[in-house]
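Colleague: Chain by chain, the residues:
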Amino acid sequence: MAIDITETPGTDFPGETPIHQPAMRRGSEWLRPHMGWAVVGAVVGYLLGHWFGNIIYGQNTVPQNTGQNNVAIVLGLAFGVAGWLAGIGALTYPLAKLVGREPPPPVPETGWMRYFRYTEDHKVVGMQYLIGVLTFLFTGGLLAMAIRTQLLSPTTHVFGPDTYIAIVGEHGTIMMMMATSAVVGPLGNWLTPLMIGSRRMAFPRLESFSFWIFSAGYLVILSALAFGGFPTGWTGYAPLQTQASGGMDSYLVGFAVIGIGMIAAGFNLACTIINYRAPGMTWSRVPIFVWAVLATCALLTLATPSLLAAGYFGILDRTAQTAFFVTEHGGSSFLWQNLFWFFGHPEVYIMALPGFGLVMEMLPVFTRKPLFAYRVAAAGMIGVALLSFFVWQHHLFQSGINPDMRPLFMLTTELISIPTGFLFLVTLGTLWKAKIRFDAPMLFILGMMFNFLIGGITGVFLSDVPVDVTVHGSFFVMAHFHYTIMGGLIFALFGGLYFYLPKMTGKTMNRKLSIWHFWTFFIFFNLTFFPLFLVGLLGQPRRVFEYAPNLQTLNDISSVSAFLLGASFLIFIVNFVWSQWINPTKSPDNPWNSLGLEWQTPTPVPWYNFERIPVVNSDPYHYGEPGALPVADLGREPLVTAGVVSKEEAVQPGELESPDDTDDFDPRPPIL
Amino acid sequence: MSVAAEGGAVSEGSGAPQGTDEPPRKEASHGWRLFAIWLVLSAIVDPLYYIFAGPHIPPGRMSSTAGGAVFDFNILIVLAIPVMIGVWVYMAYAIIQWRASKGGPEPEGGPLAANNFKIQTSWITITTVLVLFLAGFGTYELVQPEGAGGGQGPNPIWTPTSNTVLPIQVIGQQWKFTYRYPTFGGFETTQLVVPQGVSIAFHVTSLDVIHDFWAYQLGVKADANPNQDNVAFTTPYQLGSFVVRCDELCGIWHGAMYNNGAVVTKDQFEVWAQTTEKALAANTKLLPPFAYTYTPDANGADGGYYPDNVDPYSKVETYGATQPGSG
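Sequence lines, in order, name chains A and B. Under the working numbering, the first sequence has 198 at position 198, and the numbering climbs by one with no breaks. Under the working numbering, the second sequence has 113 at position 113, and the numbering climbs by one with no breaks.
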């Protein structure tokens, strides 16, 4: 029943030949920009900037008595990032345009080297983001285990207090940077064009830029360790920030660099979603994950500039001796707190919303039911995004800022739990009289709902000012946001990876190892963080290296579980390496029998995504409706007539077999 | 399986997504069953919590504000338990009852399964009512006299009803707290001693970075900001010692920034304060005069601090003295 769109302008069928012919290559493959050159560029840039900084500022006294020159460090890092971007080839196109020359045409590549290049293929960028995010996550995870090692004993120390506080700051900052892109980076970039029926991103170079500056941010924030770390934790509160040593420069430059990447990614994804939807992809048919990404983009583009401004002021305070945050010179330590949390609280939802979207996107596939209350789900995420700009001062309830405004911020904070609670309306409603298949992604969905409930409810405790007097700044807060970010976002991320990796890489993940990963992750996650609620309630502040001896048992339970939690990630790594490289099993095009548009593409997805721009018929949640239209007309039937594709390839979605008729259907309950 | 028996009975009532506060729909016996399980479990767990765990919730009832925080915490738990039980019971029920089985019925799709106006509106109404109640309750508890023990900035509006308030200044500095008693000549000590049954105003400030004064058992928490006076009130009820910890990351020795305070009787306090005032009289003379905030001495790194009414950039070192024209 395909609509013939062969003659429609702009939907030309490329067949097996790419639209852009590969340019004539002169010289070696290795001479073109790639990550190796980026490293060279970063090193050269750093040395150049450091040398320049010493020249222009070498005579001045450095206020921190560390022998470090903040100007040299900041300029070194900034030039290093520029060198990294130049080395990867990010500047080739704009510079060529700037001098009026025609930039070299993009080369669609197929070899493995494309993962180390500045590419315009959103699927390659998605895979790059995946490796980048996992690198961030595992680095931060190792630091977390170092923290838990220190907290095994109330008084015996493994690290000195300076090393410990450097580890705490590094862990927090790396994890927060990672979490801003954890789902939006890999899955958002990889899936969005496929889900909306587009062949490309709106701004593919901007997308690639967002990844390569994100990876530069990783190197910058790691460089803090070389300069002695920073003592402020991830919040970077100001008077302490001003007196800190060189590692603080890495924090400020690193967050600014990551922030630029976040803004770039947000603009690109938002423009893509708004402008590149296929014909028929109306706003009421857009997959719910795309709604989540769109709401996140609003936060990425609107909240992050506040962080950039704060970081810039901080850099100026530390180098040019301005006094934005220095109270005795007319600045205010409250200014940093306001600017930081004005970004920081929307950032929390930058992390949470993609997780919501992913869970709601996957749930109908495993319940074989339509998504319950689609409109409420979309409205809820937009409501969260809007309200998140009005709650930031709940981080400052005891700080003395606007104390009379606390009832207002208590109200806005509690109001935000209404749209957040829609997650449960939607998920529980979808579970009603469903047919639940307990594959690994479904287990992660249920795990996410369990954890996020605890995380969300404890958030209500924190928003209540009288209770907050006790729990503010204690391990209770720390447990709360680990339940929302790790228990919510990271569970959703791994569920999403087990769900989408067969499409992304074309290879099936091992089912048994996936389920082992879930159970170890779930059990040890809860054993690690639940005791910390009690620890906080019993009076242990965050970020301390010594604590009351009567809290040792609870801390030790948490520490031991944290090591086992770390080990559970090894199962994922083993599974990944085993399933992708050592013993790969080819995945079918649509292993989960999903109706989603992204699953109707062949595996591996060709670089142009769709042979024809699909015409969308309905939202992708029409499960359990025998006569429902296929989600989209992929325009293959005329091609069969023309002999371009075979009949088998032209099978339309929506005529899927019932899952329990297939051979690989496994109705086992969620036990190993 | 009962799912099979009810396969045809899906209609308007299908989709009751909430076992929590949701009155069940007419013909949905799953809904009734969930409602009954939820009601029974909540009716058991809530009183058990309130009777057995409630009285022992930290930080205890050493002061008016600590007691208030514990009361609030318990009310929130009592409200949270039915919500959590509701969601968990529903999830467990779904996992057991609605798991896929070979030959089991296919779920019914269509607009009725995808939307249910009644369920959605009642969910939104119930959560909104609950949330507005919580905000109202929290506000009521906050605007009581003493303002729940949190830092209220320099001009607190929720002040104790008592006419006699003992001011104690808490000075955070890297990495210890010191305390000044302005009504006893302004002596400065590292010991925090407070009288029982007297309203106390903690004036919290800092000499360097942001600290946070957390008198754990007293239920008092206020940030110590440089050049800011942050006031928090409480009235201690019980005698004994309490822990003071810094609750805002303030540098490498943040974890070691704590000490113990003591609540003593009024008479003991008078004796202690007067004795200490005399013993420290020589030191007090060297201190800058009492002020709500202090500015670091900009003239040199001699560790001097000035009250804010003195020009810290004076060309002359005038440690502890009032400058002409400084008011």
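Fair warning: there could be bad hints in the mix.
[Unchecked claim] What follows is a list of derived Cβ distance ranges for each label pair: (1) L132/B <-> G160/A: 48 to 54 Å; (2) L112/B <-> Y93/A: 51 to 57 Å; (3) L142/A <-> L132/B: 24 to 30 Å.
[Said to hold, decoys possible] Heads up, simulated DSSO-like pairs for lysine-lysine below, C-alpha to C-alpha not over 30 Å straight-line: (4) K102/B <-> K512/A; (5) K176/B <-> K285/B; (6) K102/B <-> K507/A; (7) K285/B <-> K586/A.
By construction, these hints were calculated from the structure, which means they are not laboratory data. From a predicted model like this one, the values you see are computed outputs, not experimental measurements. Every residue gets a Cβ at the ideal spot worked out from N, C-alpha and C, and that includes glycine.
Colleague: Hint by hint, say whether it matches the structure.
Modeller: Cross-check of the supplied hints:
no. : hint                          : verdict
1   : L132/B <-> G160/A: 48 to 54 Å : holds, 50 Å
2   : L112/B <-> Y93/A: 51 to 57 Å  : holds, 52 Å
3   : L142/A <-> L132/B: 24 to 30 Å : violated, 44 Å
4   : K102/B <-> K512/A             : holds, 21 Å
5   : K176/B <-> K285/B             : holds, 22 Å
6   : K102/B <-> K507/A             : holds, 27 Å
7   : K285/B <-> K586/A             : violated, 83 Å
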